[in-house]
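J.: The chain contents come next:
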Amino acid sequence: MEDTVFNGGFFTKALWIALGVCCLGLLWRLVSWLVIKIGPDAKEVSFFQRLGAAIIGGIKAIFSKRLPGIIGGFVLDSLLQRRLFKVSKKRWLGHMLLFYGCLVLIVMHALHVLLADKLFSDYQATLNPFLLLRNVFGVATLVGVVLMTSGRKKDWGKVRPARLPIDALFGILVVVIVVTGFLLEAQKMSSPKAFNRMAEEYGIDEDEIKGLRWVWKLDYGVAFPDLKGEPDPDLLEEGRGYNEDYCVGCHSKPQHAFVSYPVAKAAGLIATSTDAANVDKGLLYIHIFACFFAIALLPFTRVFHVVADPISLVVRGAASSAPLSKAGRVNRRALAMDACIRCGLCDFDCSVGPIAKWMNNQELLPSRKVQATRLVASRSEIKAGQAERLAVGAHLCTDCGRCTDRCPVGLDLADLWDAGRGDLSSKGFPAPAVWVKEEPAIAWAEALGAELGRVPPAGPLTADRHQFSACVQCQTCTNVCPVVANSGEDRVDLAPQQVMNLLRLGMNDLALGSKMVWDCATCYQCQENCPEGIRVTDIMLELRGAAWRQLGPVRDRRRSI
Amino acid sequence: METQVLIIGGGATGTSIMRDLALRGVDCILVEQDDLNAGASGRNHGLLHSGARYVSNDHDAAVECRIEGDILKRLAGQTIQATGGYFVAVQGDDENFIADFPGHCDRAGISWKKIDLNEAFANEPAISRKAIAVYEVPDASIDPFRLSLESVAHAKALGCRLLRRSQVVAFKREGNRITSTTVRDRVTGEEREIVADQIINAAGAWAKIVAGLANIHIDMLYSKGTLLITHNRLAHRAINRLRKPSNADILMPGGTVSIIGTTSVKIDNLDDVYPSIAEVDQIVEESSAMVPDLATVRYIRAYAGVRPLVGASGGDGRSVSRGFALLGHEESGLQNFATITGGKLTTCRLMAEKAADLVCERLGVTTPCVTTSVPLPSAYEGRWTEPGHAPKAWMRSANEDDPLICECEMVSGAVIRNLYNQLVKAGDNPTFTDIGLRSRVGKGACQGAFCAVRAAAHLYQHGAFQGRKGLDQIVDFFDERWGGQHGVLWGEQLAQAELMEALHCGLFGEELK
Amino acid sequence: MNSQDQLWDVAVVGAGIAGMSAAIFAASKGLSVLHIGNGSGLVFGSGLLDVLAVHPVKDSTVHEDPWHGIELLRKDEPSNPLALVGPKAMEVAVNQIMEALGKAGMPYEPSTTNHFVPTSMGTLKGTFGVPTTMTSGAKAFENKWPTLLIEIRGLREFSAAQMVHTMGDKWPGLRFEKIEFPDSKGVFELYATHLATALETNKTRQAVIDIVRPLIGDAKAVGFPAILGLSESTAVHKAFEDALGVPVFEIPTMPTSVPGLRLKHSFEVAAAAAGVSRRVQSVVTGVKFDNDIATLTLQDATGNQEVQAKAVILATGRFMGRGLFADREKVREPLLDLFVEQPESRENWHSRDFFAKSGHAINRCGLLVDSKWRPTDAFGAVVWPRLYAVGSILARQDWMRQKSGSGLAIGTAWAAVSAMSDDFGSIGGV
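Going down the list, the protein sequences come from chains A, B and C.
Quick note, the first sequence lines up with residues 1 to 561 if you use this note's numbering.
Quick note, the second sequence lines up with residues 1 to 513 if you use this note's numbering.
Quick note, the third sequence lines up with residues 1 to 430 if you use this note's numbering.
Don't take every hint at face value.
[Said to hold, decoys possible] Derived DEER-like restraints, expressed as beta-carbon distance ranges: (1) Val62(C) to Lys130(B): 50 to 60 Å; (2) Pro56(C) to Asp476(B): 24 to 34 Å; (3) Glu2(B) to Val62(C): 50 to 60 Å.
Quick caveat, the hints were computed from the structure, so don't treat them as lab data.
No residue lacks a Cβ here, since even glycine has one placed at the ideal position from N, Cα and C.
Looking at chain A on its own, in the form it has when it is part of the complex (with noise of 0.2 Å):
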């Protein structure tokens, strides 16, 4: 039957269009990475050199003297998938199932032509070790596809990894291929019509039919509706000499399918009407065209990633070496957008993480900014709301890298959240220590006094007015400020014994949109030399959240108007 795929017809054509889409799609996602703008500096290059560093930097990877640290690491991670191992036992056993489950039915089952009969001389589908191992590793798929997508909440814990709903199909579709291939070879195994067209495709003849019938339904499990009771031992016997003559050579014991046997044992019960039905045909045509839908859809899910992970995992082998040029990390970027996975690596234990629960605001996680990336650079228009939550997710990022360095598939996080945060200013959405300075204090002042009439204390520190009453003005904070001593004539707005002096004088609106407080390198100098133990830096640290509570919606509403 399988022989019927490569006989032109129906199928053949549909096989050439699945791949036809396939191969378009995988021409333009590779495009793609040559063409998607991401960070402010994407505009500074163009396609040609993009498509040059790509390239070049291909070439000098393979002749660069890293190449077996690459090799070696796309062993690790790709193959080995070690950064999942170290966080995950129980998602690296299912992926590595999945995976190499796949990757043999693959090569051995449904390439088998091409690949495994090349490779095996004796290749039979029906033969050991294949009919034990295409169970085996049918098995293994499915378990890979449990394992990979029970219990999530358990292993993330807080965060909810972004998923897309595409996510969800193909892996539907890998459970439809293995089940349905299953249940075609159970119905095969116990299809009375499926011997009956092996039987005339081979010419025996009917003296000799009659003994191997009975050897196929008991040691085969051919349900055939005549064979009723217990064979003539006789009869037997010479089926089984028959069998062993002329079957075994292509055809191992059926106990082997563990799997399929004991369904075909269950199926040969309504044999009868599903061949009648022809199931088989249907099971076949489901099975096969599930093959080629995923075939087609490869490029557009994320099971592309077998193509774009490996070239990830590489371009950071190679970067780690030698730091890509502009062009070669706008290309990462764009690339970075079809190989991340969505598995949640990177949010594992991102440092700001717990808090998105707490602030309301999923787009904190390194998951999701990475499809928000995406949308920010691209030129449409993003609602102010949403803006608003995105901006707040790329600007609380500390910067720590632990993203980075979790990230199983070589994406090279650090450098996207730059990028996103350029493409979030020229948005109009910069970080508050931008567009805070866009105005200065006292303007910020005035409009909050418009605003509120009242200025609320920023936090626990600067509402206790013992720990500003003990301020002599000795100016200690600042003398010892080396943001002071450095900004030269780009000076700071206000010296920091000036900002504790304005909330010591109740004046907390004239601090909250000062340009110090957010030029503060929290170097804890300040802290730590004044005399009178004032807590400087901790005050600092408090106005910055203050002015980004009151003075945000001060921003939002002259927006709006």
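Given the structure of chain A, go ahead and fit chains B and C onto it with the hints provided.
T.: Chains B and C in isolation, oriented as in the chain A frame:
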């Protein structure tokens, strides 16, 4: 020097008279023995009374306050913050008094509103939770320095003159007129004669002394009142005690600080008026019933002023009416001498109107008073006394070469130099204390310890100070500031004072001259 | 190392000159020292170390010979802590500290008398320990050298003009020039420490030298506000002298001054060199004594901890240092509620004249100690046998008027540590 009217005394009354007369086209000279508001006008709560405080015991005064308060709010708004006020009674206060309060207010036409206790606590968290009744009235905060400075500025713009540090030492009387007044410059010792058609004695508590120089006796009581300034602002509104007027009843917001007072101590003479430690302690203890924080807050200054109370010679002074007294002195035979004294800050305009009316009548000037309709223009020299104004102005002009000199109150060098130069231009000999009066310099937490050093350096750098003069003036400034610290030197303020002495004596040895 | 796990020989509480000196002296004697402090008034220092310059205070008599002054003090105020330390011990103690500070990067001119240093205010300060960066100022005034003073635009606390105006009559030939500090265009508030660190870079220093050199004229010395380097003051000072070819000196300015920060830093280095263990940014919130051990509770940003020591030295200072605290009625010692000798009422604490000749009575209040520098109650009974008190917290002295702050701190620290180590020796266990 010649003029139509000589006004003696540069307080709220004298300066208001100067402006009133100037607006009527009458030429006048104001002589002041020290600087503006050196007396009670510079030593009060800064409360623009709604009048509610007097409804129970002095109906007329209450009405007067209401009317005058409204006029000032309308015409001198830049000197006033409409903070509103609460009258708060706590457990143990007279329930009858509380009950009668609204009725009294109604009779005086003063608007009032009963405030739910929880709302009061939410609006003013500093109020004691033992409060049992709260009423809201339209009290306001007024800056008496700004008021006087701008009144003088307006009068000067219309051609009148001010002589500071000029003390009246003698009158020359011929028949029923005073023909000339001898005035001594207290800095140089020089004396000069001023010839005026009419003389108004608006010298406040010193009016008795001045009248005495013309052989006129005025029956006057001196009642000293002490007030304290807190390091930070405790309440947004005026907080009054809802009881029969007594000590430590009023807590006023003063921009970035609060002012609590007052007391009433009979004194015999005007030498050496200072806030005694006993009074300071009394205020702290009594006021904390109404606002508990006052028991633990840091105080940065204490000051005392004298109320001149005319026409009684017994009691503690509080029961004498605070209405003012305009004395024409006809019984003494003089036709061109009058005294106006007593009263309160809130009614200074009215007092000026009455005094000016009398003087104009005697002069034969018929132009009517226009101070109920002409607004008080804002002037540069008046702006800087408002707390919080200097930092905002400095932040607005952020790009100019203008460093802060007084860091505590954030007063910049340009302001100091401008005020100094203005005084120089007016022919005055400015002192650093004068700048202190016209701005917030030295009024903050450090009370001049740090900023005076920078200010001296700044004025020397810009050539304003020459020779030893600058150093001497700064030293005088400390002395003046110290007078106000002496009564409140405990807790953190004591630590600050120690730092001041460590700097100026320990390091610089300024006492070793 | 966890300070809680060890039984320290001595815990020193207070990070001013007294506390730092006591810690250094104790460590030099081989004792294990835990030094606890929070913030420090050291930054308010001018860098000058006073021993005694004025006595009697009411006559404003200034002494060139501090030892003679202390001798007079012994007669007039025998219970003044300076008198109890005595001139000999004082000289040894102060010199030892000056040497330690010199090794830590802040050298002092060796001396046996007081010097009179011109200050930025235009006054003359009589003091004993003068940093080498300032000594030429005293010499220039003493010898009436024609001297150039440099004023820097934007450095608000210093006016060379002021010094010329106020000292010119006593110091003819004193003149000033105003300069623009390199890279300060458009900056109108300069801070001394930033200028000091800028002068540690060759380029900036050379630029300033090039600006100043042509202004020298016939001046025999050049004076700057105290900005000649922060941690490399010796090198910067020498570079200026070499390049300008005349003696160069720093002028002490008001706090927070660079020499104050230098002093703090140098004390920290000297303490480390002596083997002192320090707990910074820590406040002692309670002390318990039983038998031979004192248990101190420390509070810092991370929480509370307990440490144990055989002896405790209290060097917590006066009101600025929070060693003493006053409410409206009384002055208290807040940590252990020790007896504080003081005027009977607040009426008598201060004179109404800030510059009153005799000083303010409250400045002489403080702790009473026995002959071993241990705080006593009102009746002379020692509070705990190995609790010592040093520095300005002690009664019967007026360091601000007597100009004796550093001497008081260092001298009493020396004497107390001597008494303490004698005790240690006699009970064994060092």
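J.: Which hints, by number, does the structure contradict?
T.: Of the numbered hints given earlier, the structure breaks none, since each of them holds.
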